[in-house]
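Asker: Here is what each chain is made of, one letter per residue.
There are 2 protein chains.
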Amino acid sequence: MSAAVSPLAPKSMPDMPAIEGVAIATAEAGIKYKNRTDLLVMTFAADTQVAGVFTRSKCPSAPVDLCRQNLSQGTARVLVVNSGNANAFTGRKGRETTATTARAAANAASCGEDQVFLASTGVIGEPLDPARFTHLLADLAQSAQADRWLDAGRAIMTTDTYPKYATATVDLAGAAVTINGIAKGAGMIAPDMATMLSFVATDAPIAAPVLQALLSAGVEDTFNAITVDSDTSTSDTLMLFATGAAAKRGAPRITDAADPRLDAFKRALGDLLKNLALQVVRDGEGARKQVQITVQGAESDAAAKRIALSIANSPLVKTAVAGEDANWGRIVMAVGKSGEAADRDKLAISFGPIRVARDGERDPHYSEQATSDYMKNEEIEITVDLGLGAGTATVWTCDLTKEYVAINGDYRS
Amino acid sequence: MSAAVSPLAPKSMPDMPAIEGVAIATAEAGIKYKNRTDLLVMTFAADTQVAGVFTRSKCPSAPVDLCRQNLSQGTARVLVVNSGNANAFTGRKGRETTATTARAAANAASCGEDQVFLASTGVIGEPLDPARFTHLLADLAQSAQADRWLDAGRAIMTTDTYPKYATATVDLAGAAVTINGIAKGAGMIAPDMATMLSFVATDAPIAAPVLQALLSAGVEDTFNAITVDSDTSTSDTLMLFATGAAAKRGAPRITDAADPRLDAFKRALGDLLKNLALQVVRDGEGARKQVQITVQGAESDAAAKRIALSIANSPLVKTAVAGEDANWGRIVMAVGKSGEAADRDKLAISFGPIRVARDGERDPHYSEQATSDYMKNEEIEITVDLGLGAGTATVWTCDLTKEYVAINGDYRS
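Same order as they appear, the protein sequences are chains A and B.
If you read the first sequence in the working numbering, its first letter stands for residue 343, the second for the next number, and so on.
If you read the second sequence in the working numbering, its first letter stands for residue 343, the second for the next number, and so on.
Check the hints yourself; a few may be wrong.
Repeated chains share a single entry, so a pair holds when one copy, or any two copies, can fit it.
What the hints assert, rightly or not - In silico SDA-like links for lysine to any residue, alpha-carbon gap of 20 Å or less:
#, residue 1, residue 2
1, LYS744, ARG630
2, LYS435, PRO706
3, LYS400, ASP687
Simulated from the structure, these hints should not be mistaken for lab results.
Please model the entire structure based on the sequences and the hints provided.
Answerer: This is the structure we're talking about:
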């Protein structure tokens with residue numbers, strides 16, 4: 343396991359302001375890790391609205407099942423997250439653990455069990471003993487403080503090499519509202535898998551159905567547009583909590599997703615989700631380069647996204663980027679294998695500002711030296727124009743290095 | 343680039359008998375490689391029947407386009423294959439090259455241009471100058487010999503670490519007929535991509551539509567059930583030629599794919615295709631282990647195959663195998679992400695004879711030591727039982743090692 347911080351880590355951490363109605367506490371429960379926090383409790387004011395999107399895996403973890411079930415009810419009072427054990431593929435025992443934890447958390451936060459949300463990340467297939475941490479929940483809920491966002495980001499890390507934060511303050515019909523988010527990402531550890539967790543909170547007074555609409559729309563071009571290795575976790579969880587505390591400062595209660603007063607909030611939320619998603623990619627295992635892939639001229643936006651993900655998930659494209667090789671032949675291959683409409687003889691491909699191919703052939707003006715220099719950058723932009731229609735999409739990934747194989751394959755040898 | 347022969351290479355080469363009606367010649371045309379053959383000419387007796395299956399890429403190479411076009415006509419007199427340049431993504435120039443080559447080959451073999459079949463493998467995006475080799479075709483067609491199958495296998499190699507051969511002799515209604523096959527596989531070289539080429543010939547008198555039916559059926563559980571890195575070439579080509587020469591020894595002409603006299607031939611052809619396909623996997627870049635993945639209990643055979651390929655293409659599963667880690671958590675993940683029906687709490691997973699998980703939990707009888715010992719084998723068998731239906735499928739892949747990343751990413755650094 344590499345202990346070094348990713349070369350793509352942010353150079354500094356943002357100041358994370360308090361969100362009125364959110365309190366945070368963390369603890370060292372010793373679930374798996376030693377000498378670090380591995381338990382996060384976040385409590386929410388009464389009537390806090392909640393929305394969530396979860397893994398599309400057909401084999402989700404027990405906490406994902408519980409969150410999906412409680413979401414229908416629309417309010418949240420407490421979130422409990424542990425790192426070190428994912429409580430996934432743990433069968434009946436897994437359900438018993440989430441039930442026991444939910445009961446303890448509800449007692450700790452004096453709320454209904456259906457107002458509890460849980461997430462777990464770490465080892466899978468290993469039973470998670472709730473007795474390791476349920477006795478801590480009451481004290482944590484009691485002692486939780488509003489200014490602990492940096493602690494929250496650290497407690498949920500697994501093989502992340504840095505904690506991931508983002509914050510924004512935005513105008514909602516004349517009142518300033520704040521959005522804070524934390525994430526943990528694409529790290530894997532024996533015998534685990536990647537799990538992406540992200541929790542976002544705001545003091546804006548936004549009703550749960552609107553919150554859900556905003557989150558579902560916001561995720562499409564952000565968390566659903568990133569890939570490290572095409573592998574989907576059993577536990578991916580992104581939740582958005584709105585305490586509504588800004589109503590006291592005059593923010594209107596929003597009950598319609600089409601309300602034009604939401605526009606600035608929508609944009610800020612989208613930017614914040616993209617910021618967190620890119621931090622996840624930039625902490626991809628073994629990553630040395632961030633790769634942005636834009637597909638234009640596809641038959642539809644959906645087709646463009648499938649082609650972009652086909653390129654982003656291709657081991658041959660990702661190893662070429664690691665080798666600083668502007669290998670457009672592999673991009674043609676990935677376009678071709680996507681199954682979407684493409685006309686070989688209309689394809690144009692650029693690396694950054696350099697067009698290397700057009701009309702299905704090498705661009706005669708393309709400079710090998712300039713392209714080679716461009717590929718030395720830490721952030722690589724690949725643009726593919728299919729020349730067929732108006733569909734566009736952008737996705738992000740990282741390169742595939744020997745370090746990825748070492749992290750995921752070496753630990754037993 | 344690794345020059346060492348794959349540790350999974352066959353220990354010996356088969357004797358490749360002559361096929362009456364097939365003659366072979368090879369040459370050093372110097373298209374890209376030096377001091378090795380890179381041009382193969384195979385001529386066929388009059389009325390040789392032909393069938394083919396090709397890449398599903400939406401961006402196929404120019405030779406693939408030509409083969410597809412000529413196939414409708416049903417007979418073949420000459421096959422020309424070059425290594426060193428794939429003539430893919432070469433636009434108008436690519437079509438001019440195949441047209442010029444087809445003309446020269448038709449002259450050389452005294453046949454119609456629509457009886458010519460072409461395949462190219464190597465660099466892509468680089469124009470292939472037909473003048474490099476068209477002047478050699480007449481002499482090669484003239485001097486071709488029946489006993490040159492070993493030469494044929496070598497001339498089509500790119501980054502393969504060994505040539506790939508298979509042969510079978512089988513009874514067709516009382517007459518012995520022979521099937522020979524060669525293949526080249528999953529090697530990639532800057533700035534290239536994997537290309538799978540395979541050519542199979544027989545002296546059995548089988549009509550083209552029957553041949554096509556046999557080949558299309560035979561490919562499903564063989565070449566279409568292998569994956570090295572999920573990347574699909576622009577140039578994948580598998581062709582089957584039947585000279586009919588065995589008719590002179592009493593073999594009946596077969597014009598109906600349902601003819602029961604074909605049964606032994608069908609089985610032998612299937613075995614031969616599987617043999618060649620596994621040789622391709624075993625020469626996967628950086629491969630140290632062959633992995634067989636069998637999915638049982640799926641809703642349908644098609645669902646089983648999609649799940650099996652989801653497992654076989656998962657970088658996390660493949661790196662775990664490289665690390666000799668029986669990481670069943672990653673297999674659950676790959677089942678879950680396939681999109682096919684799965685019930686977490688019914689899943690059972692075995693490595694070889696060792697069941698590591700059942701009913702959605704770790705098998706209580708599972709021995710870590712025995713599993714760890716099993717994973718040291720060169721051939722790993724993974725079985726997943728979904729417990730839902732009767733659908734089954736088996737696919738093959740190799741592990742994902744640092745050598746794969748080195749081969750595909752290091753050459754520019």
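Asker: All the hints need checking, so say for each whether the structure fits it.
Answerer: Going through the hints against the structure:
{"no.": "1", "hint": "LYS744 to ARG630", "in the structure": "both (11 Å within a copy, 16 Å between copies)"}
{"no.": "2", "hint": "LYS435 to PRO706", "in the structure": "between (63 Å within a copy, 13 Å between copies)"}
{"no.": "3", "hint": "LYS400 to ASP687", "in the structure": "between (39 Å within a copy, 11 Å between copies)"}
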